[in-house]
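> Kindly produce the complete structure, drawing on both the sequences and the hints.
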Amino acid sequence: MAVDKDRLREEEEASFVRFCKIILGWDYFGLLTEAAKQKKERGKGGGSGLRQVKNTYKDVDDYLATFEPLLFEEVKAQIIQKKDDEEVTEWVLRLVVECNESEGFLLPSVTYGDDEGEKIVQNDLLLLSEDQFKEGAGKFPQVYAFALVEQRQHNLLRLRMFLAGEVMNLNTDVIESRTRLLKMHGLITSPGLLHEKSLFSLKICSLSTISREYFALRSIGSLPFKDLILTAADKSSGSEDQAWKVSQPLSEHFQGSLNKSQMEAIDAGLLRKAFVLIQGPPGTGKTQTILALLSAILHATPTRVHTMAGLHETKRGSELPIQEKYVPAVFLVSHMYNHWARASPWWTGNNPRDKNMPKDGDDGFFPTSGNDFKPEVIASSRKYHVRVLVCAPSNSALDEIVLRLLKTDAVHPSYPLPKCGYFQAEFVILKCVHDENVRSYNPKIVRIGLKAHHSVQSVCMDNLVKQKQGESASDKQKHRTAGGDTDSIRAAILEESVIVFSTLSFSGSALFSKLNHGFDVVIIDEAAQAIEPATLVPLVNGCKQVFLVGDPVQLPATVISPTAGKFGYYGTSLFERFQRAGYPVNMLKMQYRMHPEIRSFPSSEFYAEALQDADDLERRTTRDWHQYHCFGPFCFFDVHEGKESQPSGSGSWVNVDEVEFVLLLYHKLVTMYPELRSSSQFAIISPYRHQVKLFQDRFRDAFGQESKKFVDIQTVDGFQVNRHVDYVCSLQKERWTFAEISIGNTMHSFTGTLEGHLKILITIFSPELGREKDVAIFSCVRSNDDRRIGFVSDARRMNVGITRAKSSVLVVGSASTLRNDEHWNNLVESAEKRNVLFKVSKPYSSFFSDSNLNSMKVERSLPDGLDTEDMEINELMDVNRGHADEEQAEDNDLEDGEMDGGGYDED
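Position one of the sequence shown corresponds to residue 351 (the numbering used here), numbered consecutively onward.
Not one of these hints is a red herring.
Label pairs and their computed distance ranges (CB to CB): (1) P541 with F379: 28 to 34 Å; (2) S859 with D1051: 44 to 50 Å; (3) G1140 with Q402: 20 to 26 Å.
No more than 20 Å apart at the CA atoms, straight line, and that leaves these computed lysine to aspartate or glutamate pairs for EDC-like: (4) K864 with D812; (5) K1192 with E1010; (6) K816 with E846; (7) K371 with E516; (8) K894 with E845; (9) K371 with E453; (10) K1183 with E1172; (11) K1018 with D1200; (12) K489 with E440.
Hints were generated in silico from the structure; no laboratory data involved. Because the structure is a prediction, the values reported are computed rather than measured. Heads up, the beta-carbon is just placed ideally off N, CA and C, and yes, glycines get one too.
Right, here's the structure in full:
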């Protein structure tokens, strides 16, 4: 859906002026004083005048009246947060070099030192003051004001200031004069010698992200699907007439690789509804679904095209037999190789089609890592390639998708391998996105933004620009015609890319506003972890369809302002608001991660019993330590004598007794089962940062400086899933070798057969071990007579904490305290009903005595026809075979914790 670019620019300029007038007039020390007062009163009465986020809105005015005050509360919180940040910035003396005025703003230029490097950039908020101020000095400066960095040129900072007064109640027509601002105006503009115009500056925070969110918010009237966003109701339900379809081979591939709920999500997208919501509970293959969506979106065609193509196919016959388009595993290797050779001629010699390769990239191909082969779409039924923008709230969430696209989600045995020399080769298969003939399809992609993971550098904008500049430098004629201008190269790369990856914030950068052609489809991953204004940012430049993918009952959006969050529900995502309003949601229901005993409670408590277990999941997640009731898939340890405490000067909480019990629990487990002595297998999770630090200190005392290699200790928010995988495959005669490569050089392997035809040797070796563990211990911390549990009552963090592990989740807490909360009470009762609630008393070591453990030992019954040796072989195979399912499971959940470091310091 196109937008009026001229109108958009006018709105952006007006929004920027309003944004600056409101913020730059604020009193920094007044904000600190008010925040300290609210903290002392524990936030009582802080939300007066704020509206709460609603499910639906009457019109644009109603929408803005709700969100704008909440957004500015969040700006205040970000400014105040600077005071508590660990990063220390100092006052810097600057000289005023020149000063201009425009439209009520003062535009001074001040000096910037060579030694300051990149410390200050565009859109940073500075505090300018006549005098320095130090914490505890007792007296505030008399002359001070905010300034926004508009540009940094050489040794100058060009600033914007609003010194006319302070805007009252967000009404820019009502401005009250302030003495400090008038004095600042006089100080900067008064005639005098250069050295007499000196000011001290202090960097406060960056306003880049929130300014983009504000512009998107103020542009709501011009956004595509405005009415749908306001009402959360789509009048067009989608019909077969407007639906798009994928080719029969691609459809059959989906049916063979996706489960029913994933297929339903793909089908919902092909109905061309403006907004499609996909909910991905823990371990249900959310990223796998996104990759399938990309395949479908890029190669779907209108239904009428399929009808005409069907008639044409009947006349000329199928180009390839269906069995050759998707070869069953039972086919011989030679037959599979023939198919591969036909589909991938660039591996066996010159591709005759190379001569006809389009030079403008309209085939969608983009060499992501310098490879020379040129896969292309053959006999494509569409002439126009859809352009897709894929966004996520954080860099880590975004890079997880990019990595999966660049690498592979799995290597299916029915996909042949290349012949090189004497039937042996080693290479990496890229097959996450497929064309309509189910051939691996490498679309032209670019990852835009900062802080990209090193594994995706090959497709990052800066790297691609350097490549282009290098090509230009080697060809002077090309250099003269194309030029080496960085901005023009960036724009060209962006225009040519079929899939663009960006964080939500960066999608609002100036680079995107220069696009000649917008995006057809916007996919937002982890959409439930983004506040609504952030979700609007990528929609500003227009699109035809939006996919929101996430889970509102996992980690929420990060909101710094307690006032906006508590009183205004500012943390409500667009996904959650739509869901509450009754908008249809496609839930992924098949889970591939957790033992059924772990899945049982979250499924009933948060997903209305909707979650289903993948085939054979129970057997694949059953472990030797399950022979003890107290080490089972799900247990609750009632540390009833434990007491919470609050470290001096902190709003956080610790529970020393829980730490000591967990230390003994961990030691017993790894002593009996040494394979758990690895941070890739074992995790300890707690909601509170200080409890996490206490765990880390105690484990370091007990196991030395390398304790972090033995156990992964994180907050709930910081417990991210980032499992990046390379599969390296080789074929030697009739033997397949799969390798999944890892930093730790840990190798796991097994052999087996495919339906009696192929010998398989699989070796697993992973580049970054993720945080999806075999065992996770959750320390609840709170234990008091008042039965207050603070933010531990957040059901979303509870859900995240108890769904991290594959085989065992061991919850440690005070049952009596936790029972005061509905969700925690249900969990305690669930443990009681399953006879896995253990009340532990001091000394805790007695609980782990041999006699006590023997009393909790259960007999393991072997499946029919298997002996102990068979079980050991199968368990070894399951570790590896499960990785195909884990590729579906590992892509969920949490990519947060970047903004707040994970964990909380209050309640």
